[in-house]
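For the protein sequence lines, the chains are A and B, in the order given.
Be aware that the first sequence starts at 1, since it is given in this note's numbering, and climbs by one per residue.
Be aware that the second sequence starts at 1, since it is given in this note's numbering, and climbs by one per residue.
Honestly, the hints are just simulated from the structure, not real lab data.
Watch out, some of these pointers could steer you wrong.
If you anchor each label on the Cβ, the simulated ranges turn out as follows [what the hints assert, rightly or not]: (1) B:K204 / A:R156: 24 to 34 Å; (2) B:G191 / A:T125: 39 to 49 Å; (3) A:R2 / B:E19: 22 to 32 Å; (4) A:T125 / B:Q332: 35 to 45 Å; (5) B:T183 / A:S32: 46 to 56 Å; (6) A:T38 / B:S172: 27 to 37 Å; (7) B:S172 / A:D114: 53 to 63 Å; (8) B:E493 / A:I154: 54 to 64 Å.
According to the in silico footprint, chain A covers these stretches of chain B (three or more CB under 8 Å from chain A) [claimed, not checked]: (9) 125-138; (10) 374-385.
From the structure, some residues in chain B lie toward chain A, with a derived Cβ separation under 10 Å [what the hints assert, rightly or not]: (11) G151; (12) S309; (13) V503.
Given the structure is predicted, the values throughout are model-derived calculations rather than measurements.
For glycine and all other residues, C-beta sits at the position ideal for the given N, C-alpha and C.
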Amino acid sequence: MRHILSLLMENESGALSRVSGLFSARGYNIESLTVAPTEDPTLSRMTIVTSGSDDVIEQITKQLNKLIEIVKVVDLNDGEYIERELMLVKVRASGKEREEMKRMADIFRGRVIDVTDKAYTIELTGTGTKLNAFLEAIESDAILETVRTGASGIGRGERILKV
Amino acid sequence: MQISGAEIVIRCLQEEGVEYIFGYPGGAVLFIYDELFKQSKLKHVLVRHEQGAVHAADGYARACQKVGVALVTSGPGVTNAVTGIATAYMDSIPVVIISGQVPTPAIGLDAFQEVDTVGITRPCVKHNFLVKDVKDIATTIKKAFYLAATGRPGPVLVDIPKDITQHLAEFSYPQEVSMRSYTPVTRGHSGQIKKAIQLIMDAKRPMIYSGGGVILGEAAGELTELVRNLGFPCTNTLMGLGGYPATDPQFVGMLGMHGTYEANMAMQNCDVLLAIGARFDDRVIGNPKHFYSEDRRIVHIDIDPSSISKRVKVDVPIVGNVREVLQELIKQLAATREKPEEAALAAWWSQIEEWRSRDCLKYDRASAIIKPQFVVEKLYEVTNGDAFVTSDVGQHQMWAAQFYKFDLPRRWINSGGLGTMGFGLPAAMGVQLAHPGADVVCITGEASIQMCIQELSTCKQYHLPVKIVNLNNRYMGMVRQWQEFFHGNRYAESYMDALPDFVKLAEAYGHVGMKIEQPSDVEGALREAFSRKDDLVFLDFITDQSENVFPMVPGGKGLSEMILV
Ligand SMILES: Cc1ncc(C[n+]2csc(CCOP(=O)(O)OP(=O)(O)O)c2C)c(N)n1
């Protein structure tokens with residue numbers, strides 16, 4: 001099953017490679033990994049999207065906790081959570097395609113953030129599934145380039161990950 | 001007053017109470033060596049290869065429970081040390097490795113003798129650091145010792161660029177460390193301990209299985225008390241030998257790939273298993289699918305949560321310091337009025353005795369060629385079972401584990417996890433330095449001993465009277481055994497041709513060498529060797545080439561699927 005793990009870790013240069021090294025050394029799946037500093041500059045927050053049986057996820061969590069620079073690990077799937085990913089997609093938009101593209105972007109609550117004669121760049125946020133759905137909804141030849149951030153996740157309501 | 005980074009390094013080690021540093025100099029650590037030269041508190045042991053430095057620090061740590069320290073230079077110094085570091089890592093041994101690095105401005109420019117030390121060692125250390133500011137040296141070294149020795153121990157590396165050792169800073173050694181991201185658990189959860197007690201009380205066919213965690217956690221006394229109070233059978237892993245006295249009747253021998261018939265059968269057939277500081281390693285339980293039994297309940301005590309339910313699902317996990325958990329368990333057991341069913345336990349013991357009567361370790365004692373097992377048995381007699389025994393990797397290691405009966409912890413020192421040939425001799429140096437008056441033996445094979453043979457020179461320089469018991473079968477015996485069993489007797493590259501004359505070799509290094517070819521000479525030679533208190537004696541025993549280690553659980557099989565002699 002797909003799991004989203006949220007980590008707080010010391011904002012130190014080697015920490016990221018320890019995490020990615022752990023995943024490759026132990027053969028764990030990694031769908032996406034994002035990391036950035038938090039409001040506390042000594043801490044970074046990482047979101048890892050992975051998949052595996054319950055036993056594997058349990059091992060992943062334990063192994064992550066064992067890394068010295070990791071302060072906290074939560075499996076967001078243990079409760080309610082929100083997941084968002086940002087995608088920038090450059091699409092061909094000339095002639096009558098322009099109208100159509102704009103409409104599709106609106107339907108998906110995307111925004112056109114860059115415009116040229118021949119292309120639009122659309123910004124879209126949502127779950128990975130929604131972003132996929134958008135890419136499927138538009139004609140595939142129209143897609144010139146995509147870039148995605150990978151998922152970030154946060155617990156709902158009172159679920160707070162802090163030190 | 002400001003002092004140099006190099007001096008800070010030395011002062012930190014002094015503050016930690018370090019007695020020996022095992023090392024090898026080079027460009028990146030020259031300032032540190034210069035400071036070593038200026039003082040006399042820390043003793044430096046100059047090894048002949050950096051692998052030996054880490055093994056020696058490791059052997060020292062295993063034998064005396066203190067953190068071992070190694071010092072190596074950048075580049076090849078570090079890469080040579082990696083085997084030693086990985087060895088310590090796999091067996092959770094507290095070692096601090098200080099490595100030199102090229103100067104900070106040169107990092108990343110493919111400088112002379114530059115390697116990404118932190119990157120190379122990352123997967124085989126508990127943690128590592130690159131020090132980027134002279135002001136951080138003291139706190140980093142403090143953290144390194146703390147991390148190495150606490151929780152589940154392990155090697156920690158501190159990489160220090162050369163310019164940082166030259167820079168100046170005030171020195172003050174932190175008295176304490178606290179790291180919000182590292183807080184190892186010590187006490188076991190009391191609810192879990194209660195559950196464990198219930199399982200123990202309901203057991204009809206109980207078994208206690210303990211590993212290296214009991215040795216590292218200084219819990220042999222507690223384990224022994226628990227086993228005796230309960231009257232249960234006990235087995236130890238290769239890493240756990242000495243955790244429970246091997247001469248005690250409740251000890252059923254080592255378990256695993258070359259474990260005894262009775263230990264493996266009891267392990268497989270028990271209904272309640274108490275696993276203590278052990279990790280259900282593949283060499284210990286074989287194939288987990290074959291090991292699985294629906295009506296077996298497992299209690300697992302370990303300091304490392306990630307060791308629990310990794311290969312085998314357990315029913316009652318108890319995370320904590322093994323010693324503290326065992327103390328609590330003993331206390332609570334004493335307070336309960338219940339007892340496990342006696343008749344069931346008696347029946348279980350008679351089953352175990354029946355397995356034991358199979359005499360799975362028997363060998364031809366009347367052989368006209370020296371049997372390796374015979375040498376180990378005689379060694380046990382001659383040393384009154386009181387020696388510190390290191391070993392290399394192969395058949396000799398297994399015979400040492402099977403035939404030398406360890407009654408005390410920290411007497412059996414071997415590379416269990418990584419299986420590193422070359423470990424035995426340098427480890428023995430560390431052990432001998434930790435216990436200067438004690439008998440220290442390295443049981444080895446003619447292939448393994450050649451992997452770090454150069455340390456004979458170190459032994460000469462520091463007067464380390466280690467006794468080397470070379471079980472010379474002219475084969476990489478363990479490889480030959482697998483080829484015999486599983487590869488149609490095709491002995492590909494496992495014959496040790498062109499062997500040196502070990503007697504002359506020992507003599508060339510300034511030691512005593514003896515070659516023993518007759519079974520009747522074995523005991524006499526050993527006695528003579530151990531009477532030479534101040535000499536390193538290299539005993540080259542010419543042993544039976546075709547002898548195999550039994551029992552054997554072939555890879556991928558279950559514990560009860562043993563090949564027996
Ligand atoms: C560094 C290293 N290389 C290779 C091996 C694989 N290996 C395991 S046992 C063995 C043979 C050891 O031969 P020897 O030291 O003569 O001991 P014996 O088995 O004959 O007692 C080998 C090559 C290893 N364990 N370590």
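Hints versus structure:
Checked against the given bound of 24 to 34 Å, the beta carbons of K204 of chain B and R156 of chain A, roughly 48 Å apart, lie outside it. About 44 Å separates the C-beta atoms of G191 of chain B and T125 of chain A, a value consistent with the hinted range of 39 to 49 Å. Distance hint for R2 of chain A and E19 of chain B: a CB-CB separation of about 53 Å, inconsistent with the stated range 22 to 32 Å. Separation of T125 of chain A from Q332 of chain B is about 55 Å and departs from the stated range, judged on CB atoms against 35 to 45 Å.
Hint check: T183 of chain B to S32 of chain A, Cβ distance near 29 Å, so the stated range 46 to 56 Å is violated. A C-beta distance of roughly 31 Å is found between T38 of chain A and S172 of chain B, which places it inside the suggested range of 27 to 37 Å. Checking the proposed 53 to 63 Å range against S172 of chain B and D114 of chain A shows it holds: the Cβ atoms sit about 56 Å from each other. Here the CB-CB span from E493 of chain B to I154 of chain A is close to 58 Å, well matched to the stated 54 to 64 Å.
Using a Cβ-Cβ cut-off of 8 Å, 4 residues of the region 125-138 of chain B lie near chain A, which meets the minimum of three, so the contact claim holds. Check on the region 374-385 of chain B: 0 of its residues sit with their Cβ under 8 Å from a Cβ of chain A, so the three-residue criterion for coverage is violated. Hint status for G151 of chain B: holds, given a least beta-carbon distance of 9 Å to chain A, under 10 Å. Interface hint status for S309 of chain B: upheld, as the beta-carbon distance to the closest one in chain A is roughly 7 Å, under 10 Å.
Checking V503 of chain B against chain A by beta carbon gives a least distance of about 45 Å; that is not within 10 Å, so the hint is violated.
Of the numbered hints listed earlier, those contradicted by the structure are 1, 3, 4, 5, 10, 13.
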